[in-house]
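Here is how the chains run, residue by residue.
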Amino acid sequence: MYKSLQGKQTRVLERIADSLIQLNEKVDVLIELQKHTRGGIANESLTDVLDVMTLLSLPDHLRKTAVTLCNLGQATAEEIAEQTKRARAVESGYLNQLVLMGYLKKERKGRKAYFYVEKEDAGVK
Amino acid sequence: MMGKIIAFHSYKGGTGKTLLSINLAATYAKNGNDVCLLDLDFRAPSLQARFKTKGNGYWLNDYLNGVCEIKNALIDLSHLHSGTGKFLVGLANPSTEAIREMSAKDRKWEMKALGRLLALRNSLLNDMHLNYLILDTSPGLQYSSINAIVAADVALVVTSLDTSDIIGTQRMVHELYDLFEKKTMIVVNKVLSDMLSSPAGNNNFSDYFHNTYDLPVLDSITCSCDVLRVGGTCVFTEEKQEHPFTNSLKRIAGKIEKL
Numbered sequence: 001m002y003k004s005l006q007g008k009q010t011r012v013l014e015r016i017a018d019s020l021i022q023l024n025e026k027v028d029v030l031i032e033l034q035k036h037t038r039g040g041i042a043n044e045s046l047t048d049v050l051d052v053m054t055l056l057s058l059p060d061h062l063r064k065t066a067v068t069l070c071n072l073g074q075a076t077a078e079e080i081a082e083q084t085k086r087a088r089a090v091e092s093g094y095l096n097q098l099v100l101m102g103y104l105k106k107e108r109k110g111r112k113a114y115f116y117v118e119k120e121d122a123g124v125k
Numbered sequence: 126m127m128g129k130i131i132a133f134h135s136y137k138g139g140t141g142k143t144l145l146s147i148n149l150a151a152t153y154a155k156n157g158n159d160v161c162l163l164d165l166d167f168r169a170p171s172l173q174a175r176f177k178t179k180g181n182g183y184w185l186n187d188y189l190n191g192v193c194e195i196k197n198a199l200i201d202l203s204h205l206h207s208g209t210g211k212f213l214v215g216l217a218n219p220s221t222e223a224i225r226e227m228s229a230k231d232r233k234w235e236m237k238a239l240g241r242l243l244a245l246r247n248s249l250l251n252d253m254h255l256n257y258l259i260l261d262t263s264p265g266l267q268y269s270s271i272n273a274i275v276a277a278d279v280a281l282v283v284t285s286l287d288t289s290d291i292i293g294t295q296r297m298v299h300e301l302y303d304l305f306e307k308k309t310m311i312v313v314n315k316v317l318s319d320m321l322s323s324p325a326g327n328n329n330f331s332d333y334f335h336n337t338y339d340l341p342v343l344d345s346i347t348c349s350c351d352v353l354r355v356g357g358t359c360v361f362t363e364e365k366q367e368h369p370f371t372n373s374l375k376r377i378a379g380k381i382e383k384l
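Sequence lines, in order, name chains Y and E. No gaps in the numbering here: position 110 of the first sequence is 110 in my numbering, and each next residue is one more. Counting from 1 along the second sequence, just add 125 to a position and that's the residue number in my numbering.
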């Protein structure tokens, strides 16, 4: 009885922790969007250019993800995580932030989500 | 062995990037390596004049514009050295019109140009099995130079003894190379020979630059009247095979090979 209650509490706490991580990622996105849209979040979906000067202006954690994707051309969060040695969930968060900021595009193929900068000429194919 | 991409860069102009990139490429080719040297200084192209060639109708500008494949934009200058390696060169278009056109490119074009530079690892190193790709860049924070640094495995920063160059390079190290987590090494060029006349003097000199930039010093190259005298009319390391300048290039080549 006691053990099952403890297990339930742990699961609730894990769900809360997951939600907080997701919330944190969303707040990060909002902060970045505000920085880049100067005074407001644009209504229409953003598209921006991921050139080297933009790469230089990104925070370190996002730059590492973005440069790795530039090198791979097209990749899943898992493939990026293999290169950066960070957790897949972390890279997934960063990649989605970059998509929301308009620098990357995302395409679903079955259960996998692929991220890329430009369809043509982007990195090593 | 997996090929390496080496980018020569500097804060100021006139530090010797082009001289060093030509001679490093020639040193590798002479040793039997297949090498490609690309002129990415689209503001002030120099390889076309240095090699006195008219090119083959295609320039690196065309490759970056997506008009041709990289192999169309390369010329074979293997006859310029006595070794067995291939010596391929890609030229920047030196016409005023081309320079004007390249300096007016927008951010989107620069992003695509980065993609095409990154794709060279596949086309030149993996498919053509070249051992070294050497990129000669524009000084300072130019798009083409930063693109080259992002694409490179090793960035060699050429610095002189000029104070403004040293301070500018220091800033560039922290605000450019560090941010891209790039393997970066310093080459001090045009050093007065008396500064390196003793082993102790040599060590002090290297320590000073190592501490100034917090980066390893790959080599210190003495200023040479012989190099100035030929004025870039030949591949120096090929003409003067026992010269101290040639020996410096051999040392640099050996150290990069071991990285």
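Everything labelled a hint here was simulated from the structure, so no lab data went into it. Remember, predicted model here, so these are calculated numbers, not experimental data. Using N, Cα and C, we set each Cβ at its ideal position, and we do this for glycine too. Please note: incorrect hints may appear among the correct ones.
Some chain Y residues judged to face chain E by a derived CB distance under 7 Å, without partners named [unchecked claim]:
no., residue
1, Glu25
2, Val49
3, Leu50
4, Val52
5, Leu56
6, Asn71
These are the hints, each one checked on the structure:
1. Glu25: 23 Å, violated
2. Val49: Holds. Min distance 4 Å.
3. Leu50: 6 Å, holds
4. Val52: For Val52 of chain Y, the interface hint holds, since the closest Cβ of chain E sits about 4 Å away, which is under 7 Å.
5. Leu56: Holds - the Cβ of Leu56 of chain Y comes within 7 Å of chain E, reaching about 6 Å at its closest.
6. Asn71: 6 Å, holds
This entry does not satisfy hint 1, going by the numbered hints stated previously; all others are met.
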